[in-house]
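What follows is each chain in one-letter form.
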Amino acid sequence: MAATTKTKKETRVPVVIIDNAEITYKVFASGRRATRGNSGGGLLSKKMKLQAVHAVKGVSFTVYEGESIGIIGSNGSGKSSLMSALAGLTPLTGGAIYASARPNLLGVGGLLLPNLSGEKNILLGGLAMGFTKKEIAAKVDDITEFAGLQDFVGLPMRTYSQGMSARLRFAIAASKDHDILIIDEALAVGDQEFRNRSEARMREMRENAGTVFLVSHSMKSIIDTCTRVIWIEKGELRMDGDPKKVTAAYNKFVGSTTVD
Amino acid sequence: MSTEEYALENGLKKVGARPPLLQYVKDALKRVDFAYTLASYTLEAGNAKSRLGSWWNVLLPTIQAGTYGLIFGLILGSNKPDNFLPFLFTGVFLFSYIQGSFALGAGAIVSNNGLVKSLSFPRVLLPLSIVMSQTLTLFPQLLVLAVILIAVQHTISLSWLMLIPLIALLFIFNFGLAMIMARITVHVRDLNKLVPFISRILFYVSGVFFSVEKIFSSDSIYASLIKLNPIFDFLNLARSFLVTGYPQHPEEWITVSLWSFGIAAVGLVFFWSAEERYGRDD
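Chains F and Z, in that order, give the protein sequences.
Mapping the first sequence onto our numbering, position 132 (from 1) lands on 132, and the numbers just tick up by one.
Mapping the second sequence onto our numbering, position 107 (from 1) lands on 107, and the numbers just tick up by one.
If you're looking for bench data, these hints aren't it; they were derived computationally from the structure.
Ideal placement from N, C-alpha and C gives every residue a C-beta, glycine not left out.
Any given hint might turn out to be false.
[Unchecked claim] Here are some chain F residues pointing at chain Z (derived, C-beta under 10 angstroms):
id, residue
1, 77
2, 84
3, 125
4, 239
[As the list claims (entries may be wrong)] Subject to a maximum C-alpha distance of 20 angstroms in a straight line, what follows is the list of computed SDA-like cross-link-like pairs (lysine to any residue):
id, chain 1, residue 1, chain 2, residue 2
5, F, 26, Z, 13
6, Z, 13, F, 255
7, F, 234, F, 203
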């Protein structure tokens with residue numbers, strides 16, 4: 001494998017192939033605006049029906065060994081849905097995704113067990129990632145230190161701030177050398193010191209032949225850590241290429257279409 | 001060359017594809033530690049906010065059985081089963097083991113959405129973990145049961161040990177039930193609202209607090225219907241080892257074994273065949 005990592009396109013080794021991926025959510029809702037017209041409920045007046053939300057509309061791209069990919073796009077553009085499908089957590093409604101290893105997703109949403117202490121969540125998360133009890137027990141201190149939570153690891157996770165629990169989740173996920181790791185906005189909540197530490201860890205993972213996908217709204221961390229950027233807008237692939245070029249185009253797009 | 005051929009040629013695998021059943025079971029077995037740790041931690045977390053903590057795992061079913069004893073003892077009057085207290089406590093504790101696995105199993109996927117969406121592991125570990133935590137709650141209850149048996153019957157018997165293979169079979173049976181319920185509620189979320197009523201009905205038709213022979217004549221259609229219910233067989237079998245005055249029915253071992261392995265096999269295939277679907281919001 002190592003011999004084939006040349007720069008020529010034909011000899012590059014693909015790690016992830018996303019082939020015409022489509023995701024449609026079905027939501028059971030009336031879809032009517034509460035502030036428009038008759039909003040009164042009632043058994044008879046409500047017309048609940050299945051509404052289809054087309055989140056990803058046929059996206060295709062191939063990721064090669066040694067790349068780290070930044071994913072950008074406005075809120076609700078479908079980037080998180082696509083990443084969740086890449087991790088095998090959201091089923092595709094069309095197309096297919098192929099990967100050389102099982103991709104692991106690290107997102108902001110997933111709370112483990114809020115009533116349990118940080119330490120127990122570390123153990124549980126480690127076991128779920130496939131560590132043995134011994135292996136994960138040996139890593140607990142490193143993980144705590146990486147997350148910077150030495151003073152809080154004995155407290156229930158529900159008492160953590162959003163930033164603290166995001167740090168802990170990142171530390172748990174980063175304790176394993178993933179072949180493919182997807183990081184969804186998880187770094188946005190950490191402070192600068194933690195961000196530096198985790199960006200260093202991501203570079204280290206990439207050097208160990210790991211592929212990292214980073215979903216972020218921070219163009220700075222995208223440019224700092226990624227070798228290629230993919231811009232997804234309204235469920236479609238809008239641009240794919242050099243980080244500086246794509247982020248510049250995105251900034252221009254955002255500046256011209258929103259009134260921030 | 002198609003994308004699929006190109007992918008396979010480079011050793012890539014399809015993401016999210018459900019592994020073959022045998023591989024699936026192997027993957028799950030590798031992470032049994034996760035299921036067990038989750039089981040003991042959720043048990044702990046569930047009681048963390050109450051002062052008596054895990055004592056509630058014993059107190060609640062004891063209070064429950066005591067209440068049933070009082071009420072049904074009065075209602076049934078002379079129709080009470082012989083040796084009423086041991087009969088009732090055996091019934092209530094073992095039934096609550098089955099009912100807990102059934103009712104909480106129904107929420108195995110839907111109530112653990114956060115876990116399902118943030119970590120990838122064979123989902124069958126979730127219903128397994130629920131049956132494990134129910135088993136962990138059962139053990140201290142068995143101690144209470146032993147105290148009651150000794151207090152009422154004044155003897156300790158070797159036949160009590162037959163409870164070990166019986167509980168092993170119950171574990172398999174409950175695991176099957178939990179897997180079936182876990183998948184059905186994913187498709188029909190509303191079923192969760194009916195679960196308490198189904199549990200109630202099962203409670204009344206399993207002979208938990210009454211003796212079928214005493215209430216119905218032996219040729220009555222109700223008696224034969226109740227006897228078709230595997231939970232009735234489990235309770236009957238347990239009583240024959242624990243409660244004095246109840247005859248042994250060796251043939252019931254065959255019935256409960258067939259039910260246990262049958263339900264577990266059906267449950268596993270049923271649960272596994274929707275593996276890709278868990279975690280989707282619709």
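Would you check the hint for residue 26/F and residue 13/Z, treating anything up to 20 angstroms between C-alpha atoms as holding? 27 angstroms, violated
With a cut-off of 10 angstroms on the beta carbons, see whether residue 84/F makes it to chain Z. 7 angstroms, holds
Is the hinted pair residue 13/Z and residue 255/F satisfied, with a Cα-Cα distance of at most 20 angstroms? 40 angstroms, violated
If you draw a straight line from the CA of residue 234/F to the CA of residue 203/F, is it 20 angstroms or shorter? Violated, at about 30 angstroms.
Evaluation of the interface hint that places residue 125/F against chain Z, nearest CB under 10 angstroms: This interface hint holds because 7 angstroms falls under the 10 angstroms limit.
Taking 10 angstroms as the limit, does the beta-carbon of residue 239/F come near enough to a beta-carbon in chain Z? 21 angstroms, violated
Minimum Cβ distance from residue 77/F to chain Z below 10 angstroms? 18 angstroms, violated
Checked against the numbered hints given earlier, the structure breaks hints 1, 4, 5, 6, 7 and satisfies all the rest.
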